[in-house]
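These protein sequences, in sequence, are chains U, D, A, P, W and X.
Heads up, the first sequence is in our numbering, so the first residue is 1 and it goes up one at a time.
Heads up, the second sequence is in our numbering, so the first residue is 1001 and it goes up one at a time.
Heads up, the third sequence is in our numbering, so the first residue is 2001 and it goes up one at a time.
Heads up, the fourth sequence is in our numbering, so the first residue is 3001 and it goes up one at a time.
Heads up, the fifth sequence is in our numbering, so the first residue is 4001 and it goes up one at a time.
Heads up, the sixth sequence is in our numbering, so the first residue is 5001 and it goes up one at a time.
No lab work stands behind these hints, which were simulated from the structure alone.
All values reported here derive from a predicted model rather than from experimental measurement.
We treat Cβ as the ideally placed atom computed from N, Cα and C, and that holds for glycine.
Heads up, some of the hints might be wrong.
Unchecked claim - Lysine-lysine pairs mimicking BS3-like chemistry, simulated, CA-CA at most 30 angstroms apart: (1) P:3126 - X:5088; (2) U:88 - D:1126; (3) U:126 - P:3126; (4) W:4126 - D:1126; (5) A:2088 - P:3126; (6) A:2126 - D:1126; (7) W:4088 - X:5126; (8) X:5088 - W:4126; (9) A:2126 - P:3088; (10) U:126 - D:1126; (11) W:4126 - A:2126; (12) X:5126 - U:126.
As the list claims (entries may be wrong) - So these bits of chain W aren't anywhere near chain U, every CB distance computed over 12 angstroms: (13) 4020; (14) 4044; (15) 4046; (16) 4094; (17) 4119.
To be verified - Facing chain P, from chain D, some residues (calculated, C-beta under 10 angstroms): (18) 1039; (19) 1040; (20) 1055; (21) 1088; (22) 1095.
Number of protein chains: 6
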Amino acid sequence: MVEYDQANDEVRAIYDEIMEIRGIDFIPNVFKTLATHPPTLRRLWDGLRQVMAPGRLDPLTKEMIAIAVSATNGCEYCLWSHTAAARKLGLDDEMLGEVMAVTGMFNQTNRLANGYQIEVDEIYRKAALGPES
Amino acid sequence: MVEYDQANDEVRAIYDEIMEIRGIDFIPNVFKTLATHPPTLRRLWDGLRQVMAPGRLDPLTKEMIAIAVSATNGCEYCLWSHTAAARKLGLDDEMLGEVMAVTGMFNQTNRLANGYQIEVDEIYRKAALGPES
Amino acid sequence: MVEYDQANDEVRAIYDEIMEIRGIDFIPNVFKTLATHPPTLRRLWDGLRQVMAPGRLDPLTKEMIAIAVSATNGCEYCLWSHTAAARKLGLDDEMLGEVMAVTGMFNQTNRLANGYQIEVDEIYRKAALGPES
Amino acid sequence: MVEYDQANDEVRAIYDEIMEIRGIDFIPNVFKTLATHPPTLRRLWDGLRQVMAPGRLDPLTKEMIAIAVSATNGCEYCLWSHTAAARKLGLDDEMLGEVMAVTGMFNQTNRLANGYQIEVDEIYRKAALGPES
Amino acid sequence: MVEYDQANDEVRAIYDEIMEIRGIDFIPNVFKTLATHPPTLRRLWDGLRQVMAPGRLDPLTKEMIAIAVSATNGCEYCLWSHTAAARKLGLDDEMLGEVMAVTGMFNQTNRLANGYQIEVDEIYRKAALGPES
Amino acid sequence: MVEYDQANDEVRAIYDEIMEIRGIDFIPNVFKTLATHPPTLRRLWDGLRQVMAPGRLDPLTKEMIAIAVSATNGCEYCLWSHTAAARKLGLDDEMLGEVMAVTGMFNQTNRLANGYQIEVDEIYRKAALGPES
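Build the full structure now, drawing on both the sequences and the hints.
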């Protein structure tokens, strides 16, 4: 991991950006680790800022999706960091309970659908493509 | 798959419930397949109704999480059916684009965090547990 | 895919073994594909014979575990071939229903345990290691 | 996590049920965590009881499938708890060795079948659907 | 999917870039699909160009890693497109056989290591961090 | 885990082979664990030697694929041991950064391709099969 004091100018500039934009006064371990390969740190940080910015989905909804993905993949670091971020945005135990219930349920049904190799209903295929297609 | 006409009374009652509650006039293949094992059909249908009911999260948010989970697991049936369900609740191409961008991004970062075996920041661990813990 | 007529002597000998031991008169596509890399065909076929031989677990139990793994991973080829193999060994719709119910359930609970990052009970840790440890 | 003493009546009733039915005198962490969202605790506990009850598959076979699924998904909590449960039902090192050998082997072949995008043999497709279809 | 003729100026400029840099005269379906959400198309295309450029690893090695990842995740589109790209860079059946053998083997051992919850050897932990840590 | 002193002759012979061929003076925990089921230890060790031997791909390339697979699956033991092995073969932070960047990127695009259920381009399908098909 690259500490702030050891970082070159390029990395230090990104660290400053991270702390300012996130309103925090420490560098999370994930960025200190990615800094061992500066182009990846740059690309990931820029991507995260773009993807997590408020859009048609609000930041809390995005963090709840991040929790669902991380629970599905079993990523320990990600679960702690995204749950922490979601808490800051207002997630309480009941909302987290619903995120987990939905995540657990569809991990279950995904396997039933795969396990039985269920054929897609033509009506879903059409509806999924949307009016724009 | 068990067609409506072949179904016994127990299964037919569930089929009727599904069509009524979902406001559809066909039995999706997933339920026709689960009907080969009636206790699983009963348990899954009851669970789905409970989990997907409006709660602290609205039904569209829940369907977006279902899409994120199904994309992460690569479940073809589930992707078509949940995208169809979300379309019905108002999902347009831009919202779907954001769901996919978030899902893709965190499938990426999940692997970076795992791949480098990044240690959890103590500050995230505390924040994630929430004020209730 | 390497057809029987195109196969070299090494591959043809394995094909003959497969047909004899499995009591079939065709070469499944998986072996015709692995034959594009003969050392992998040899290693996999030998491994499969060893692992699937009757042992403390009977062949049907092993095929049910194969179905559970393949459903969890979403492998289409594997699901059709292992379900076919299990049918031959006596699997009926009710047993398949139980395999799927268990597989679905634990794909669900796996994500809840990961999602909440639940700490392992010390009592389970000790019991799991068994009397031999 | 919700301790027994902090639990409301609904949760405490479920805790009592768990201890009685499982014949244990402590609440496993998974249930203390699910209790932060009581409807999920209720649904999961009821589902587990139904799915794990002796049926056409005996409880040990079900626990071995649970181990295979949890190993495939890499769920730490689940591996310790299901291996502990299976030990109680008689699983020894040799049986566990066979469960792991089968689980490992099909995680391998699943990727070979996916990686080469092997086409399903028509003969398997028919056999898998079974005589009932 | 957004066809070239329907694309707005921003998307068309990316399409032109893709065809020029890849030396192809068609737009692959993945980009026509991502074009339904232009910021994702832009971010992904820029990221792909950066990540796949020759670096310390040559492009064929990168494509082989892409095949290994896609086989592990079971992504049909990705397997066909990355295998095609690797073929163009010189991948023959024997090299593909080795990629698959390695991918299959470690999908197997990953589950054995997880399944038995094997403790990390301290000597590996130190060596993995490298001389730079 | 089976220590060297407790091992029977068959296991001890494999332990000796492992230490000699790998040029190490300890038994890694993975082998001490697999030794609880000697036929699996034998099969895995023989398979590893065959698969990891220099071939058309050099050993470092194979270890980098092992890292990519293990990061995708989130296997802690495997990540430490394969990163250690790759370090010994010359992997530095920049190369590891490229392996991770490629692994992360395709875990992202795999989900976008799955999530949108993108149809395979016919041109890729043909090119992937190679001139030999």
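**Q.** Hints violated by the structure (numbers, ascending)
**A.** Structure breaks hints 1, 10, 14, 15, 21 and 22.
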